[in-house]
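Number of protein chains: 2
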Amino acid sequence: MPKVDRRITKSQEAIKKALIELMSEKSFDDITIQDIADRANVNRGTIYLHYLDKFDLLDKIMEEHINNMSNFCESATEMDYIESTVHCMEYFKGNYLFFSTMLASEGAQYFRSQFLKFNIEEFKKDVDITKGKNADQNEDVIVQFVANAYVGVVEWWLKNGMPYPPRAMAEKVGDLLERIV
Amino acid sequence: MPKVDRRITKSQEAIKKALIELMSEKSFDDITIQDIADRANVNRGTIYLHYLDKFDLLDKIMEEHINNMSNFCESATEMDYIESTVHCMEYFKGNYLFFSTMLASEGAQYFRSQFLKFNIEEFKKDVDITKGKNADQNEDVIVQFVANAYVGVVEWWLKNGMPYPPRAMAEKVGDLLERIV
DNA sequence: CGCAATTCGTTGATTACTCAACAAATCAAT
DNA sequence: ATTGATTTGTTGAGTAATCAACGAATTGCG
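Top line first, the protein sequences correspond to chains A and B.
Position 76 (the first sequence) corresponds to 76 in this note's numbering; numbering is contiguous.
Position 72 (the second sequence) corresponds to 72 in this note's numbering; numbering is contiguous.
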């Protein structure tokens, strides 16, 4: 992998951060490219150097978070649910502004559905209906059940200002998850 | 004044911030140009684009703060001491990392003497020994007295983690100042 | 509707930054 | 004192970002 120019990284980070901030302040529709450029302290043209428009920018941001989560889902296959859930919760907390605006604000429903879809695929890998407590169960039902539960809990946690620390959340959620899958 | 390129501002800000941070962590002598570049997330060569070496960089930083203070000393001539001192204290607080490392750390004595010299000049403008309570006083004595007192109090305030808010400090110090000059 | 004002997306010329490489200077340690 | 390793300051080629300017598209308001 050829390492990318420092300037590219910095510009993109500033631009992405700017959009998230602005989305936490006003509606996505009301945000102009100039707004983003001002907030990122970047020339307006620079945004077009990396993104087609603000929709493309938002897509890339969402895609990146999904990818990040996907990556440490892989590297966490040998951990138990609680430990790997701690990592997830801390990731949510570390990107609080993104996830809270994305899940809490109305209108950003697209990300929620992406997020849910991603979790459905992840849980599919873990469910085994050939033996154990889930013999005679239905895979789709379990997966939908558990993914929706998980996303809903995360949503609630973020909407309510993260009332419990990541580890506490992970222990509770991890315990519940282990009862199902 | 032709407005400067955004990139210049950003690079210089990052570099200056990097040095201040590093100085609060280790001795100035132990800081390399590469350290600064790494912290500022800037290529090493970029530093030489703006500064001769780390000494020049530190000089420019100190000079800039002195200039800033000088500027809002001018614009505050019609305010009373308390109001203008509020501005000063808030400036100190806003640049806490700089002033605390510069005044608190041993070895950075050069800035203290510059800071004192600057204040001596400023107070000279305010002292009037031709009439009022300071008739029959000595200008040098008053100025030295008041400037050293002021610098010492600021030093103490910063060294002790700003135990009182800027306005409270300003009221106390402003009151004392008005008794003298 | 019609007009004014933004915003958009693109262009080209210029500039600052990046990166790798270099020799010289400085440092550390035996 | 001699070696080996960092650090320094500089170079040149390449690249990304800046800025001003443009017509076209959208928006907002009387």
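No lab work stands behind these hints: they were computed from the structure.
The model shown is predicted, which means the values in this text are computed figures rather than measured ones.
There's no promise every hint is true.
The list treats identical chains as interchangeable, and a pair is accepted whether it falls inside one copy or across any two copies.
As the list claims (entries may be wrong) - Result set (EDC-like, lysine to aspartate or glutamate): computed pairs, CA atoms no more than 20 angstroms apart in a straight line:
1. Lys10 / Asp35
2. Lys10 / Glu178
3. Lys3 / Asp38
4. Lys93 / Asp35
5. Lys117 / Glu83
6. Lys133 / Glu63
7. Lys10 / Asp38
8. Lys10 / Glu83
9. Lys3 / Asp136
10. Lys172 / Asp59
11. Lys172 / Asp56
12. Lys10 / Asp59
13. Lys54 / Glu171
14. Lys17 / Asp126
15. Lys54 / Glu122
16. Lys131 / Asp38
17. Lys17 / Glu121
Hints, verified against the model:
1. For the homomeric pair Lys10 and Asp35, the shortest alpha-carbon distances inside one copy (18 angstroms) and between copies (19 angstroms) are both at most 20 angstroms.
2. For a Cα distance limit of 20 angstroms, the shortest separation of Lys10 from Glu178 qualifies neither inside one copy, at 40 angstroms, nor across copies, at 49 angstroms.
3. Taking the closest pair of Cα atoms, Lys3 and Asp38 come within 20 angstroms of each other only across two copies (16 angstroms); inside a single copy the shortest separation is 28 angstroms, beyond that limit.
4. In this assembly of identical chains, the alpha carbons of Lys93 and Asp35 never lie at most 20 angstroms apart, being 26 angstroms within a copy and 30 angstroms across copies at closest.
5. Taking the shortest alpha-carbon separations for Lys117 and Glu83, neither the intra-copy value of 22 angstroms nor the inter-copy value of 58 angstroms comes in at or below 20 angstroms.
6. Taking the shortest Cα distances, Lys133 and Glu63 never come within 20 angstroms of each other, neither inside one copy (35 angstroms) nor across copies (72 angstroms).
7. In the homo-oligomer, the alpha carbons of Lys10 and Asp38 lie at most 20 angstroms apart both inside one protomer (15 angstroms) and across protomers (14 angstroms), since each shortest distance falls under that limit.
8. When the C-alpha separation of Lys10 and Glu83 is checked against a cutoff of 20 angstroms, the pair qualifies neither within a copy, at 32 angstroms, nor between copies, at 40 angstroms.
9. Taking CA atoms no more than 20 angstroms apart as the test, Lys3 paired with Asp136 passes in neither setting, with 50 angstroms inside one copy and 72 angstroms between copies.
10. Taking identical chains as interchangeable, the C-alpha atoms of Lys172 and Asp59 are never at most 20 angstroms apart, the minima being 32 angstroms within one chain and 55 angstroms between chains.
11. In the homo-oligomer, the alpha carbons of Lys172 and Asp56 never lie at most 20 angstroms apart, since the shortest distance is 37 angstroms inside one protomer and 55 angstroms across protomers.
12. Proximity of Lys10 and Asp59 under a CA criterion of 20 angstroms is satisfied intra-copy only: 19 angstroms inside one chain copy versus 27 angstroms between copies.
13. Within a single copy, Lys54 and Glu171 get their C-alpha atoms no closer than 38 angstroms, and across copies no closer than 49 angstroms, so neither meets the 20 angstroms cut-off.
14. Taking identical chains as interchangeable, the C-alpha atoms of Lys17 and Asp126 are never at most 20 angstroms apart, the minima being 34 angstroms within one chain and 47 angstroms between chains.
15. With identical chains, the CA atoms of Lys54 and Glu122 are never at most 20 angstroms apart, being 29 angstroms at best within one copy and 51 angstroms at best between copies.
16. Neither within a single protomer nor between protomers do Lys131 and Asp38 lie at most 20 angstroms apart by alpha-carbon distance, with minima of 57 angstroms and 53 angstroms respectively.
17. Proximity of Lys17 to Glu121 under the C-alpha cut-off of 20 angstroms is found in neither arrangement, the shortest distances being 28 angstroms within a copy and 44 angstroms between copies.
Violated hints, in rising order: 2, 4, 5, 6, 8, 9, 10, 11, 13, 14, 15, 16, 17; the structure is consistent with all others.
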